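Enquirer: When you get a sec, could you build the whole thing from the sequences and use the hints?
Number of protein chains: 2
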Amino acid sequence: MAKRRVTAAVLLIGDEILSGRTQDVNLQTIAKFLAPLGIQVVEARVVADVPEAIVAAVNDLRRANDYVFTTGGIGPTHDDKTADAVAAAFGAPIGVRDDAKAILEKHYGLDNLNDARLKMARIPEGARLIANPVSRAPGFQLDNVFVMAGVPSIMRGMLEDVGKRLEGGAVVEARTVRAKGVREGNIAQALEALEQASPAVTFGSYPWFSPDGYGLHLVARSSDPAALDKAAVDLMQLLRNAGGAPESVDAD
Amino acid sequence: MAKRRVTAAVLLIGDEILSGRTQDVNLQTIAKFLAPLGIQVVEARVVADVPEAIVAAVNDLRRANDYVFTTGGIGPTHDDKTADAVAAAFGAPIGVRDDAKAILEKHYGLDNLNDARLKMARIPEGARLIANPVSRAPGFQLDNVFVMAGVPSIMRGMLEDVGKRLEGGAVVEARTVRAKGVREGNIAQALEALEQASPAVTFGSYPWFSPDGYGLHLVARSSDPAALDKAAVDLMQLLRNAGGAPESVDAD
Numbered sequence: 213m214a215k216r217r218v219t220a221a222v223l224l225i226g227d228e229i230l231s232g233r234t235q236d237v238n239l240q241t242i243a244k245f246l247a248p249l250g251i252q253v254v255e256a257r258v259v260a261d262v263p264e265a266i267v268a269a270v271n272d273l274r275r276a277n278d279y280v281f282t283t284g285g286i287g288p289t290h291d292d293k294t295a296d297a298v299a300a301a302f303g304a305p306i307g308v309r310d311d312a313k314a315i316l317e318k319h320y321g322l323d324n325l326n327d328a329r330l331k332m333a334r335i336p337e338g339a340r341l342i343a344n345p346v347s348r349a350p351g352f353q354l355d356n357v358f359v360m361a362g363v364p365s366i367m368r369g370m371l372e373d374v375g376k377r378l379e380g381g382a383v384v385e386a387r388t389v390r391a392k393g394v395r396e397g398n399i400a401q402a403l404e405a406l407e408q409a410s411p412a413v414t415f416g417s418y419p420w421f422s423p424d425g426y427g428l429h430l431v432a433r434s435s436d437p438a439a440l441d442k443a444a445v446d447l448m449q450l451l452r453n454a455g456g457a458p459e460s461v462d463a464d
Numbered sequence: 213m214a215k216r217r218v219t220a221a222v223l224l225i226g227d228e229i230l231s232g233r234t235q236d237v238n239l240q241t242i243a244k245f246l247a248p249l250g251i252q253v254v255e256a257r258v259v260a261d262v263p264e265a266i267v268a269a270v271n272d273l274r275r276a277n278d279y280v281f282t283t284g285g286i287g288p289t290h291d292d293k294t295a296d297a298v299a300a301a302f303g304a305p306i307g308v309r310d311d312a313k314a315i316l317e318k319h320y321g322l323d324n325l326n327d328a329r330l331k332m333a334r335i336p337e338g339a340r341l342i343a344n345p346v347s348r349a350p351g352f353q354l355d356n357v358f359v360m361a362g363v364p365s366i367m368r369g370m371l372e373d374v375g376k377r378l379e380g381g382a383v384v385e386a387r388t389v390r391a392k393g394v395r396e397g398n399i400a401q402a403l404e405a406l407e408q409a410s411p412a413v414t415f416g417s418y419p420w421f422s423p424d425g426y427g428l429h430l431v432a433r434s435s436d437p438a439a440l441d442k443a444a445v446d447l448m449q450l451l452r453n454a455g456g457a458p459e460s461v462d463a464d
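Chains as they are written, first to last, in the numbering used here: chain R, 213 to 464; chain E, 213 to 464.
Calculated from the structure, these hints are not laboratory results.
One thing to keep in mind: the hints can contain errors.
Keeping only pairs whose Cα atoms sit at most 25 Å apart, straight-line, the calculated PhoX-like set for lysine-lysine is [claimed, not checked]:
1. E:Lys-215 to R:Lys-318
2. R:Lys-392 to E:Lys-318
3. E:Lys-376 to E:Lys-313
4. E:Lys-215 to E:Lys-392
Some chain R residues flagged as far from chain E (calculated, every beta-carbon gap over 10 Å) [unchecked claim]:
5. Glu-255
6. Leu-341
7. Gln-353
8. Val-445
9. Ala-457
Residues of chain E placed beyond 12 Å of chain R at every Cβ, according to the derived structure [to be verified]:
10. Asp-272
11. Phe-302
12. Pro-305
13. Val-308
14. Glu-379
15. Gly-380
16. Glu-396
17. Lys-442
As the structure is a prediction and not an experimental result, all values here were calculated from the model.
We put the CB at the ideal spot given by N, CA and C, even for glycine.
Expert: Shown next as C-alpha cells:
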C-alpha cells in the first residue's frame, strides 16, 4: 500500500526577519531535516512578535497540516511572545512548570534564575518539553505544534529531540540535472509533455545566471524510486535534445 | 501630522523554497528596499506552485495590507502558475497582451518566440507592466499586488521600476548596539522597563553565539528620530549597567 502524504508548515516568528535585519535560515534547515523522514513542508509563514498574529497563524496552520514547526520568540525578553501565544491558540492554561524550571535552575544556578529567565519555564498545560542541548531552556510540543528557538544552532539542536516523535509518510526524493547554455523557453514544451507522461513525478525548472554563463537546473521529485530513475534519464535526454550537455548534480 | 503606518506583505511562490532546495533571499531584499520608503513588511508567506494556494494567499494578504509583493512563478515552464493565479484571485480575465508580447518579440526575435515564451506575455486585464531590465520578460502590478520574478537578480531589477509607484508612510529607523559577554536574562527586566518608558520605540533583543564568545544585539526601532536617538543612548547605558562594554553597530 502506498504511504500517505504527510505535510508540515513552518512558522517563523520575529520582527527581525520581516525587517530584513536577519536572514532566515531555519526554513531550509527544517525542510531538509523533514524530507528524509517522509514529511513535506507545504507552507511557511513569517509573522511579527505580535500575539494576535501568532495565534491566528498557529491555528490556521495546525488545522491544515499534520505538523507545525515554529521558531523564535521563546527567550527571556519582553519581545518573546510565542509560548503564551501558542497556549492561547489552543486555549490552554500556561505558567511556570516545575520540570522546565528544574532544567533552568540546574543550568543557571538558583541565584541567577531571575524572573526574566523564569519566563523560559512558562510551558502550556499538556505540553511535552523539547530538549535544548545548546542553551538548555526547553522548547515544547503541544499536540501537533513544535515550538523551537529562533537561534539557528539552538533550533538545530532541538530538531534532534523532535525527529523521533514524528511519523512520516511517503519519502519524496529528488534528482537534479544541470545544463549550461540552455534556456527555459527552449525546453518548456518538452518538459510539460514529460510531466504529463509521468504521473508519479513532478518537475521543476530553475534557471541560473552567473558571470560565466547561464543555464538550467531541472528537478524531478517523486516518492516512487523507479519512476524517479526513469525521470532522471528522461531529463538528460530532454536537455540533449535541446543542444545541452547535461550532467547529474545529485550528491549521491 | 504624524504619517500613517503603511504595511506590506511578501508572498514567495515556489516548491523549491519549501523543499529546502533553494535558500530564499528575496524577503530580506524586499524588506530592506521598502523600509526607507516608509513601508513595513508585517507578514510573509511561502506557498507551493499550486494555484489554489496562491489564490488564497494573494486574497488574504492584499486585503490585510497596503501592498503585496510576490516573487516566483512567472517564467515559461509548466510549473510557473503565478500570473494565472493572481488573475484568478482578482477575478480578472488573462491572456497574451500585445505590449508584453512586443517586449518579448524584441528580445527573443519572432522566430524564437514559441508558445512557452509567449506564456510570459500572459498579463491580467487592467494590470500595469513592471519593467525587467535583466531578462526583459515583464512582471505586472494589479491593484496593490506587485508580481515579480523569483530569480534574485531579476527581482532586484524589477524593484527599481516598482519603487516609484509606492506611497510610503512613516519611515521606521533602527539603531543597534552590541555587547559581548552579556546575556539576555541579565537585561530582560531593564529592557522591558525601557520599552514601557519609551512609547514611541520598540525594542528587540537578539543573542549571538560564536566561537569566540557570546553576547547581544539590542535594536531600537522608531519613526520618531528624537525618540530613537534617546533610545540608542539608553541602550548603551543599559548594557553598561549589566557590565558590558557596548558599541554602536549602525552603518552610519
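Enquirer: Indicate, hint by hint, whether the structure satisfies it.
Expert: To see whether the hints hold, each was checked on the structure:
Note on Lys-215 (chain E) and Lys-318 (chain R): the hinted pairing is violated, with a Cα-Cα distance of about 50 Å set against a maximum of 25 Å. With a C-alpha separation of about 24 Å, the suggested pairing of Lys-392 (chain R) with Lys-318 (chain E) holds against the 25 Å cut-off. Of the supplied pair hints, the one linking Lys-376 (chain E) and Lys-313 (chain E) holds, its CA atoms being roughly 24 Å apart against a limit of 25 Å. Of the pairs offered as hints, the one joining Lys-215 (chain E) and Lys-392 (chain E) is violated, with about 37 Å between alpha carbons and a cut-off of 25 Å exceeded.
Remark: the non-interface label on Glu-255 (chain R) conflicts with the geometry, its nearest Cβ contact in chain E lying 6 Å away (cut-off 10 Å). With a minimum CB-CB distance of about 19 Å to chain E, Leu-341 (chain R) clears the 10 Å threshold, and the non-interface call stands. Listed as a non-interface residue, Gln-353 (chain R) keeps its Cβ farther than 10 Å from every Cβ of chain E; the least gap is roughly 22 Å. Every Cβ of chain E is farther than 10 Å from the Cβ of Val-445 (chain R); the closest lies at roughly 20 Å, confirming the non-interface assignment.
No Cβ of chain E comes within 10 Å of the Cβ of Ala-457 (chain R); the nearest lies about 20 Å off, and the non-interface call holds. The Cβ of Asp-272 (chain E) does not lie farther than 12 Å from every Cβ of chain R; its closest approach is about 9 Å, which violates its non-interface assignment. With a cut of 12 Å on Cβ distances, Phe-302 (chain E) stays outside the contact zone with chain R, its closest approach being about 22 Å. The claim that Pro-305 (chain E) is not at the interface with chain R holds, since no C-beta of that chain comes within 12 Å of its own (minimum 23 Å).
Separation of Val-308 (chain E) from chain R is adequate, the least Cβ-Cβ distance of about 14 Å exceeding the 12 Å criterion. Against the 12 Å criterion, Glu-379 (chain E) stays outside the reach of chain R, whose nearest CB is about 20 Å from its own CB. Against chain R, the non-interface label of Gly-380 (chain E) holds: every CB pair exceeds 12 Å, the least being about 15 Å. The beta carbon of Glu-396 (chain E) sits about 5 Å from the closest Cβ of chain R, which is not more than 12 Å, so the claim that it is off the interface is violated.
In this structure Lys-442 (chain E) is separated from chain R by more than 12 Å, as the shortest Cβ-Cβ distance comes to about 18 Å.
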